[in-house]
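J.: Take a look at the letters that make up each chain.
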Amino acid sequence: MPLLSIRNLQTRFATDRGIVRAVNGVSFDLEEGEILGLVGESGSGKSVTALSIMRLVPEPPGKVTADAMTLEGTDLLRLNEAEVRAFRGSRMAMIFQDPMRSLNPVLTIGRQITEVLRRHQKLDGAAARRRAIELLETVGIPMAEKRLAAYPHQFSGGMRQRVMIAIALSCNPRLLIADEATTALDVTIQAQIIDLVKRLTRDRGTSVIWISHDLGVVAGLCDRVNVMYAGNVVESGPIRELFHRPSHGYTLGLMGSTPRVDGGARRLTPIEGVPPNLIDPTPLCPFLPRCRVSADACRTQAPVRRDFGAGHWAACLADLAK
Amino acid sequence: MTVAAPGRLPSPRFAGSIVLAARQFPRHRAAMIGLVCLVLICLVSALAPYIAPYDPIQIKLSAKLKPPGFEHWLGTDHFGRDIFSRLLWGGRTSLSVGLLVVAFAFALGVPLGLVSGYFGGRIDNLMMRLVDAFLTFPPLLLAVALVGLLGPDIQNVMLALGIVQAPVLARMVRSSTLAVREDLYVTAARALGAGPGRIVLSHLLRNVMSPIVVQLTIVFSAAVVAEASLSFLGFGTQPPNPSWGRDMSEARRFLGDAPWMFMAPTGAIMLCVLSINFMGDGLRDALDPRAWRTRRTLGPGES
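Residue numbers (the numbering used here), protein chains in the order written: chain B, 84 to 405; chain Y, 0 to 302.
The hints are simulated quantities; they were obtained by calculation from the structure and are not laboratory data. No experiment lies behind these values; they were computed from the predicted model shown. Misleading hints may appear alongside valid ones.
Claimed, not checked - What follows is a list of derived Cβ distance ranges for each label pair: (1) Y:E181 <-> B:E166: 22 to 28 Å; (2) Y:L125 <-> B:R161: 28 to 34 Å; (3) Y:G194 <-> B:R100: 30 to 36 Å; (4) B:G240 <-> Y:G196: 29 to 35 Å; (5) B:A210 <-> Y:E181: 31 to 37 Å; (6) Y:L125 <-> B:R328: 57 to 63 Å; (7) B:P188 <-> Y:L129: 28 to 34 Å.
Quick reminder that beta carbons are idealized off the backbone N, C-alpha and C, glycines included.
Go ahead and model the full structure; you've got the sequences and the hints to work with.
T.: Structure below.
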């Protein structure tokens, strides 16, 4: 049984101009210990998918429905607020894009770590403190004992993100969601953080959903990738498969607009146009107006899912296997 | 930093925020001066029965309107009462009004504002309409009405002024809370399983403390002055009992002939308000780790 199983997840928001379908029928499984990348441009529904899993979508104006959304067999959508709270931080945890803003500026680092340990693991003051020191050491913060009394503004961005990771992993969650966790950091720190996440989650068998718009980061970290567009997964596959044989017009576009170190001198080709309107979704492929490889069939019928083996599939009608 | 034996480590909650903030406060020089002044004023007022040279309500018409001198340090008023003695006794009334109104406004206004700002929606709407209803009255008129309702007694004056000030504070706390609520660390805390109580108390309250402290210093001054107005209107302190505000408003009639009558209570109120303002500044800085300063400088070879 997969750790996390999602079927037909729909997250809608009521607005004055109509219902925005931010996530529109996402389905996927996440295996134990697997690192899954969630890739797509801004507004493709990656973050809302993450917030829906964490049950952090404000309702109203939001509304989350799914045929199934189970974590270790528990239906997340059927938990009440108190039960969900007990899950957050202990069974599933999330780290956010901006480490500068995701720690409370007026509380010490130590307080912010121990708070979570006390809540979920019911540790007393001294035990929580010892554990906090261990955690900070694990994520590579030197002089951990002294740092407990430090405040977030005394830390650099990379160190704060390490603290966030320490807090997120403090209660050994089964699922870690990282929403653009390295986007605000510079590349060298980015690489360190990615290594850290890789090492810690492999050690503990934690499953990870890594949200990014950076294909390079995803390629180096993930086992499998879901490419999202207009609130849905349009292509999914093991990392090598997907990179060697991108099978959706959008994936192809993303790759064309990503610089490569080994690709020699090459002009980047941007994806023209703007993301589609999520209020009135078209029955056709939502990427059609921007697609460079569309086939005639794309203009007359809805995209169908095509399987390429090894768990690789794409919802695309164009023939890209050239 | 000393390292305690394993197993007996101090809890970081206490080694952290509160103690560090308390350590920070004395570094703010103006705040320390304010604190010392305020403590002195409170002490002197509390000890008024022992140190006041004269009876504050004893009328002695032969000695009326005497300028400051050896016999009467701050002169006498139009009934020949010793102004210094009245100042000491009056401080008991004025300070207790100021401090209790601050305490009351805090106890009522802050929870109201936090709950309203954090939960929003219907609760917010209900509470804020209530606050609006109170704010539509001119503050003094509302206080007069409340005192009229409760009876002209100094305790009721404190209660009335507290009720008048609480909505102002509630509205301010609410708007600060609304801003802080949207910060990412609040979402991050929720993602780690924090419930509403924890978020409001340890995340929101701590982050809206600075504007609260500033507002409370204003509430204090407003309360002392409002007590004077109420006393002038015949509520609150009844003659011949002294209070700074009362004496100040009475002294207006003699401003040309006996300015010292006016200066003494005015000076006392001013000193108090300034002290509290300075303390407020220090407290605000002590509560915000980003404003902390260190006295240490880097020595040679230190990094």
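J.: Are the hints correct? Go through all of them and say.
T.: Evaluated hints:
Our hint of 22 to 28 Å for E181 of chain Y and E166 of chain B holds, since their Cβ atoms are close to 26 Å apart. At roughly 31 Å, the beta-carbon separation of L125 of chain Y and R161 of chain B lies within the given 28 to 34 Å, and the hint holds. A hinted range of 30 to 36 Å for the beta carbons of G194 of chain Y and R100 of chain B is consistent with their spacing of about 34 Å. Separated by about 31 Å at the C-beta atoms, G240 of chain B and G196 of chain Y satisfy the suggested range of 29 to 35 Å.
One distance hint, 31 to 37 Å for the beta-carbon pair A210 of chain B and E181 of chain Y, holds here, with the actual separation near 34 Å. A beta carbon spacing of about 59 Å between L125 of chain Y and R328 of chain B agrees with the range 57 to 63 Å that was offered as a hint. A hinted range of 28 to 34 Å holds for the C-beta pair P188 of chain B and L129 of chain Y, which are about 32 Å apart.
When the structure is compared with the earlier hints, no violation turns up for any of them.
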